[in-house]
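Q: Sequence:
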Amino acid sequence: MFMEVEFWKAWLHPWLAVSAFFPLCQMIHALEKEKKGWGDQLQSPLSLIGSTMFWGLVMGMLLSCLTTFFLFDIGFDEVILVWVSALFFACFGFRFLCFSHAIGGIGLIHLGVNQVEILRQWLDSYSSGKVLLNLSLIDWLWIVVLFHLCEWLLIRINGLAGRQIITVTHQSGHEVNGYLLNRIWPLPCVIFTAAGWIPVPLIAGFSSINLSKPIHQQKRFSSTYSLFHAGLLAIALWAVSIWPISLWFASLWALSGHELLFRYQKWKERQLQPFFTSDERGLKVLEVLPHSPAAQMGIRPGFILQEANDISINTIQDLERVTGCSAHCKLKLLDRQFDHHFVQKVVYEDDPKHLGIVGAIACHEVAATKEEDLDLAQKKG
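In the working numbering, the protein residues as written are 3 to 383.
FYI, nobody ran anything at the bench for these hints, they're computed from the structure.
Just so we're clear, the structure is a prediction, and the values are computed from it rather than from any experiment.
The C-beta atom is built at its ideal place from N, Cα and C for all residues, glycine as well.
One thing to keep in mind: the hints can contain errors.
As a list, the in silico EDC-like pairs of lysine to aspartate or glutamate whose alpha-carbon atoms are at most 16 Å apart [claimed, not checked]: (1) K334 / E282; (2) K268 / E282; (3) K332 / E309; (4) K132 / D79; (5) K334 / D353; (6) K347 / E309; (7) K37 / E8; (8) K11 / D42; (9) K347 / E322; (10) K355 / E309; (11) K347 / D312; (12) K332 / D312; (13) K355 / D337; (14) K355 / D42; (15) K332 / D353.
Computed Cβ-Cβ distance ranges for the label pairs, DEER-style [what the hints assert, rightly or not]: (16) P246 / T171: 43 to 49 Å; (17) S46 / K355: 55 to 61 Å; (18) G175 / S314: 23 to 29 Å; (19) H343 / F78: 55 to 61 Å; (20) S258 / N311: 20 to 26 Å; (21) F56 / H330: 41 to 47 Å.
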């Protein structure tokens, strides 16, 4: 009964609210960027923020339950030290806010200074230095393993929320569209230690660039990378009892594993055939603005707009030319299963000419053909 009371007291600690600050800042930044780029927000701010906070809290509770199978020897001073490390990494961008970076970085410093007698004596004269010297590194690295298991679930459940459309230069030299998944979640949790339950606000996150596959496949790949990160770290920690030097590898992997996987994926995506381009089949729909005419007609991301009023559509400019001089539009579409659909709507004066469709860049061959057609029309004119 005593442990239950202490458990709920720890959950009421205001320190846990700190974990929500940076995810909130990231979402506000992403939403403002969307509005600036597309003239409107592609996602409901309330839905995005609500789902992020809800699933972060659920996974924080799950992580708290998982820690009961361990008896961690960490103190509140160490939590503060890890947060200082996290704030340092936050200077490099939101994607570095995952606490794996913070714990891996502080772990390497801990291992390094303990190898140098002069530094060890100097740090031992300061209270904060003693915290670094006596850091329960193995315990913290096991916490990284556990919260990466939670991160794996978060990506599976909530990884597509907050996705951003990007334009990059492909290996071929042409610009193509893709998606950036760049998410961080608050993981407020309480951890069972020898001294009782202590509040530990954590942040989990991942980044993933996709140019070559449907976004649901990207989500699955990203979650698998997170699981791989946790598995390799767990193996390294298991090996510490046999080869103590494995602790160095575990700390280095905690620090750099996320970034190495992100860089590898980014390089690999540039080599593959781009998926998010409009081709001879029509205009590929990347996103649909909420409450727009396209949304009202049931158009979804992944659809291909082939014709508008019996005129072939390959670019967003083609669509705007048709709707700009018509009071009514009839659209021919291919859905994600490549089934044909026909939808129609009256075009009102205040409707956007693009109908709320965010379309993909035309592939090089289509763009070249459009340019030739335009030159020919100008010569005839």
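Q: Can you give the numbers of the hints that this structure goes against, from lowest to highest?
A: Violated: hints 2, 5, 7, 8, 13, 17 and 20.
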